[in-house]
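**Student:** Working from the sequences, and respecting the hints, build out all of it.
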Amino acid sequence: MFVHDFLEEAAQKNALLMINPFTKLLLGLGSIILTLFSPNFISPLILTISLSLIIIYLAKINPLFYLRLLTIPLSFAILSVMVIVLISGGEEKIWSYNLFSILPLSITSESIQKGLLVFFRVMAGMCALFFISLTTPMTDLFGVMKKFKIPDLFIDLSMIIYRFIFIFMGKAHQIHHAQLMRLGYSKPKEALRSYSMLFGSIFITSWDAGEHFINAMDCRCYNGKFAKYLDYNPIEKSSFGYVFLFLLGITALIVVTNSYSL
Amino acid sequence: MHVMEGFLPPLWAAIWWIIALPFIIYGFIQLKKIINDNRDVLPLLGICGALIFILSALKLPSVTGSCSHPTGTGLSAIIFGPFITAIIGFIVLLFQSLFLAHGGLSTLGANTFSMAICGPFLGYYVYRALKDTKVNIYITVFIAVALADLFTYVITALELALAYPAEATGFIGSFITFLGIFAVTQVPLAILEGAVLALVFKYIVNI
Amino acid sequence: MKSLIEIQNISYCYSQNSPAIHKINLSIQSGEKIALVGSNGAGKSTLLLTLNGMLEPKKGHISFQGTPISYDRRALRIIRQKIGFVFQDPDVQIVAPTVWQDVAFGPTNLDYPEDKIREVVQEALRKVGLEGFDKRPPYHLSGGEKKRVAIAGVLAMDPEVLILDEPTSMLDPAGSEDIMDLLDELNHQGKTIIISTHDVELAYPWADRIILMENGGIIASGTPENAFSDKELVKRARLKTPILLELCQELAARGIKNGGRLPTTVLDIIRIIENEHHGTIRLSENGYGIIHVGDVDLQSGEKVNALVKKMHHDTIGVMGSRAKICARQWGINPDISYAVIDKCILQAMNGKSSLILTTAGMVSRVIERVTHFNQTNNRSIPVQKIISEDPTG
Amino acid sequence: MKSLIEIQNISYCYSQNSPAIHKINLSIQSGEKIALVGSNGAGKSTLLLTLNGMLEPKKGHISFQGTPISYDRRALRIIRQKIGFVFQDPDVQIVAPTVWQDVAFGPTNLDYPEDKIREVVQEALRKVGLEGFDKRPPYHLSGGEKKRVAIAGVLAMDPEVLILDEPTSMLDPAGSEDIMDLLDELNHQGKTIIISTHDVELAYPWADRIILMENGGIIASGTPENAFSDKELVKRARLKTPILLELCQELAARGIKNGGRLPTTVLDIIRIIENEHHGTIRLSENGYGIIHVGDVDLQSGEKVNALVKKMHHDTIGVMGSRAKICARQWGINPDISYAVIDKCILQAMNGKSSLILTTAGMVSRVIERVTHFNQTNNRSIPVQKIISEDPTG
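Order-wise, the sequence lines are chains A, B, C and D.
Going from the first sequence to the working numbering is simple: count from 1 and add 357.
Going from the second sequence to the working numbering is simple: count from 1 and add 6.
Going from the third sequence to the working numbering is simple: count from 1 and add 320.
Going from the fourth sequence to the working numbering is simple: count from 1 and add 320.
Rather than coming from a laboratory, the hints here were simulated on the basis of the structure.
Incorrect hints may have been included.
List of simulated lysine to aspartate or glutamate pairs, EDC-like, C-alpha gap at most 16 Å [what the hints assert, rightly or not]: (1) D:K455 <-> A:D509; (2) D:K551 <-> C:E480; (3) D:K551 <-> D:D528; (4) C:K447 <-> C:E326; (5) D:K672 <-> C:E570; (6) B:K39 <-> A:D588; (7) C:K672 <-> D:E570; (8) D:K343 <-> D:E326; (9) A:K471 <-> A:E449; (10) C:K555 <-> D:D655; (11) C:K402 <-> C:E480; (12) C:K705 <-> C:D617; (13) A:K370 <-> D:D504; (14) D:K705 <-> D:E570; (15) D:K402 <-> A:D575; (16) D:K555 <-> C:D655; (17) A:K585 <-> D:E326; (18) D:K455 <-> A:D575; (19) C:K379 <-> C:E326; (20) A:K582 <-> D:E566; (21) A:K585 <-> D:D435; (22) A:K546 <-> C:D431; (23) D:K379 <-> D:E326; (24) A:K471 <-> B:D138; (25) A:K585 <-> D:D454.
**Tutor:** Here is the structure:
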């Protein structure tokens, strides 16, 4: 819920921190795109497993922490995939039922196929997303944005939001603790009151902070500019090569398994 | 309710990106104008973005417990207007996907459309419409925020249904199914968020 | 004696890598005044947060009043009511729009009936000296007042133990003294007090027991004199030796004995030096000054003012927040408001008389302290209670 | 001497009711180390904020380098570049997501060319001892490190005056000393330093000049000894007398003369007491210990380690942030890191030898200080520079 659960926190300490962010983004975004274009669940499954191994063994992210992360997309995926399996229909009916006589539900081998595909697409896509967020700190991504000619104003606003998130999160965390210690949130009605006090309090302090912030920026001759940081390690041929080969391999797998069905 | 990475097929992911982009770009142009007039607004917008992020990162107690977060964009729309909220909301959603694994990159377009565009627009106009009537200001905030939240969830269900229409009943059947399933978490959440933000509003006014 | 809080071998870590506290053993007795002292990041706050179940240690046990803390909601409610926690930054603790509402936050959550809430809030505000602040919005209060509101908010739940994380950070000297005074009063009323601080000068004279922390572990626990006199430990904890102790050590290195007990106040140092001089230091010709002690709850402003006029006290000292408020109301401008007893003894030794205004329990403490000083130092400083006002007028 | 900043009769009020500062006159010379001391709400921060044009006084004039401050944007930019301001809470001052970007904020807005930005940022980070922290996000830093980043961000703009509002609030003793040391170094490099604080123990030994503030006005301005020795003023400002000064006053009340200058360090007190004893305090039989001083920039780790091994120094002290970093790298664990010179003199008087590691400019300061002490106290403590490493090997 609070700062310690942020992926950013883990990213700042991961073992692949020094690898050039472009290389890491290529792997993450490449995997996402390949996942989206997979015709069946095989390559997403392979991607899910291989990206997880990379995250745990190469980036040295704590496995328990990572497993807990995987549960975040799981409930959404399971719920939605169930719907897809039940309504998609198909030729080979395994089970069918007409709910309230207006909503025909059925499970077919095609719909299972489709459900599996969507499920593993979500898992593989999330693993790729996890890979990016667990290995590439946002601070590096700001540099990448600059390289991609994203407008300065957009990056500046993002950087300020980033900075404030961490300040306010710390505050919110402490306020929440303080309320718990005075037995806030103990009953639904009290919880509502406690929440509104928490938000209101953060709101007020942050407005205050905003004023100080502008003053502090003025003291340093603020003229509408932020410094952009562009130094990171150069792209290494070897790591770039591995990523390239990996993506090539997955592409080949997609082509080979194209006609496979359950 | 965020659409997870990988959930939308490539075609739909692209379509929602294309629909969301004009709003983001127009919001950005507006933002630039405001900043050119008064550069001090930038930190304030930053604060607003961080607040939205924090609001949505705090889990409210809900029935199923998972991925149910208030969107927080309603309040921003009331204060800054819907287009500015679109751009701030877009950045916040990007951070949410990267920091908290809520949402995704390919689905960012769809999420932006439902959470940073549709919800705030509705909330903003409801607020504008009720503001000058006799309705109590806190009830106005409650209605605007709760409706913004509900509308967000309706749009999300729409996005899911369009991508995965039902065989027998088509898009409509699928839409109703998604709507029904997520109603369990989203309807109470919308009411809760409306109530909390109305109280926050009261709190702020009191100070 | 059975201990109030018993900590056995607890560890806690925030992230995977390094533990914030590690294998801590500690036992806290009822009525103690304890200061956890260490540099930032030594683990003080983490240890404090485990005491009332806010953080659940990964290993080890904590028991309160002989029962192990359990972490279900019901048990936690009871623990948190009995062990009150005051955060370092009052802004994170004060969440309600008015002082009254904020102090009532805890009692409301305890389901007290409405008139009991009124009563405890009133009483808590009186204790911290903020009567009449009910309707004020906390955002307009000074740092010291905010801190008091935070303390009142915890007192309103009538805890047995009061934990304060860095109670005086951000406060100016007068504000700090007020708070430390208040803590003394509360301790005197039977509350166990545990604070964390990195201010050695603050902790040294105040605490019954000092617990030195470094790098997640306890490296010393004992009387202030013992805990701070090991230079190696103080250095390891990245702290300073309290100035007076350092001075005493330097004197000792030059062959001046400190006569057993190490000094905690300027008075003690003067005694050491006087001792060395064997009376070469001249005493005031008029003998000792007298020390008067008055209980503000038993006096009226006129009576005290009349006394002040008659006696020409050289020094007027006030102890405790209620006494300070009374003095202000009566138009008396105190000369000293911290380390009052010691300073008055120093004054008395110079032949100057003084008046100490304070509240009930503390009166006897003043008399005890002076008597004790007289006995151990073979002096005869007179101390005298002002007689309560005659109820018949 | 022409003054750097000249303040004439300025007043400022936030709301209509009461002025935050009122009719202030002050003149600040180039190269001074000034501490504004007062309780919270005395107007310290307000006064500081008027100095670089952040607040425009309602009445009165401020001039910088002989020219009155004007409040158009262009003029303000120049003033703010020349007078750097470090806020009390580093969290409001650090704006960028990484240390490097934050320190580069000022230079970027001053439109420096890219390679100059790189250079000044590098240099500023070196000065505050944060080399290699470039990519760290601020929320990963400790309080002391954040403060350093904030100072580096101002230093990167190469100001002539450095203003710091409560520079050590929230920092632990080690962190505070590091910052005060850094300020000393910067002052030594020619910067004028103005701080505000309510910590008298901190301000008393550090400042060249103390300005006591109370209720929006200046009530005293002078050397630390003078400003704090008037008990009435200190009381009016709601402050404490520094412990050492209080001790000295008590000694004086008992007929022990302080020999002219009032004490600012434990060393001074010892001297007063020793003086009184006329040699009854025994001197070490082996005579004085020697004090070695080494410039870390001219030495290598091996050389120093070899020396430490050979000489069996009883005490190793480091002064300044660069020296601390070097010592850490060389695996040397210093015994003292604050009030180093005085402590080494105390050691030397006890016949113990010591080694002080520091940087160029400070070496001569150590020698001066010891020589001065020898002259005024009729001692002959030997102080010796470690000879620079032979460049030919």
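**Student:** So, for every hint listed, does it hold in this structure?
**Tutor:** Each hint, compared with the structure:
1. D:K455 <-> A:D509: 20 Å, violated
2. D:K551 <-> C:E480: 40 Å, violated
3. D:K551 <-> D:D528: Distance ~20 Å between K551 (chain D) and D528 (chain D) Cα, so the pair is violated.
4. C:K447 <-> C:E326: 29 Å, violated
5. D:K672 <-> C:E570: 13 Å, holds
6. B:K39 <-> A:D588: 31 Å, violated
7. C:K672 <-> D:E570: 13 Å, holds
8. D:K343 <-> D:E326: Satisfied, since the Cα-Cα distance of roughly 13 Å is no more than 16 Å.
9. A:K471 <-> A:E449: 13 Å, holds
10. C:K555 <-> D:D655: Status holds; Cα separation ~8 Å.
11. C:K402 <-> C:E480: Given pair K402 (chain C), E480 (chain C) holds - Cα atoms ~5 Å apart, limit 16 Å.
12. C:K705 <-> C:D617: With Cα atoms ~13 Å apart, K705 (chain C) and D617 (chain C) stay inside 16 Å; holds.
13. A:K370 <-> D:D504: It is violated: about 35 Å lies between the C-alpha atoms, which goes past 16 Å.
14. D:K705 <-> D:E570: 39 Å, violated
15. D:K402 <-> A:D575: Holds, because 13 Å separates the two Cα atoms, which is no more than 16 Å.
16. D:K555 <-> C:D655: 8 Å, holds
17. A:K585 <-> D:E326: 38 Å, violated
18. D:K455 <-> A:D575: With Cα atoms ~24 Å apart, K455 (chain D) and D575 (chain A) exceed 16 Å; violated.
19. C:K379 <-> C:E326: Holds, at about 14 Å.
20. A:K582 <-> D:E566: At roughly 51 Å apart (the allowed maximum being 16 Å), E566 (chain D) and K582 (chain A) break the hint.
21. A:K585 <-> D:D435: 13 Å, holds
22. A:K546 <-> C:D431: Roughly 12 Å between the alpha carbons, so the hint for K546 (chain A) and D431 (chain C) holds.
23. D:K379 <-> D:E326: 14 Å, holds
24. A:K471 <-> B:D138: This hinted pair is violated, its Cα atoms lying about 51 Å apart.
25. A:K585 <-> D:D454: Holds. K585 (chain A) to D454 (chain D) sits at ~12 Å (cutoff 16 Å).
When held up to the earlier numbered hints, the structure conflicts with 1, 2, 3, 4, 6, 13, 14, 17, 18, 20, 24 and fits the remainder.
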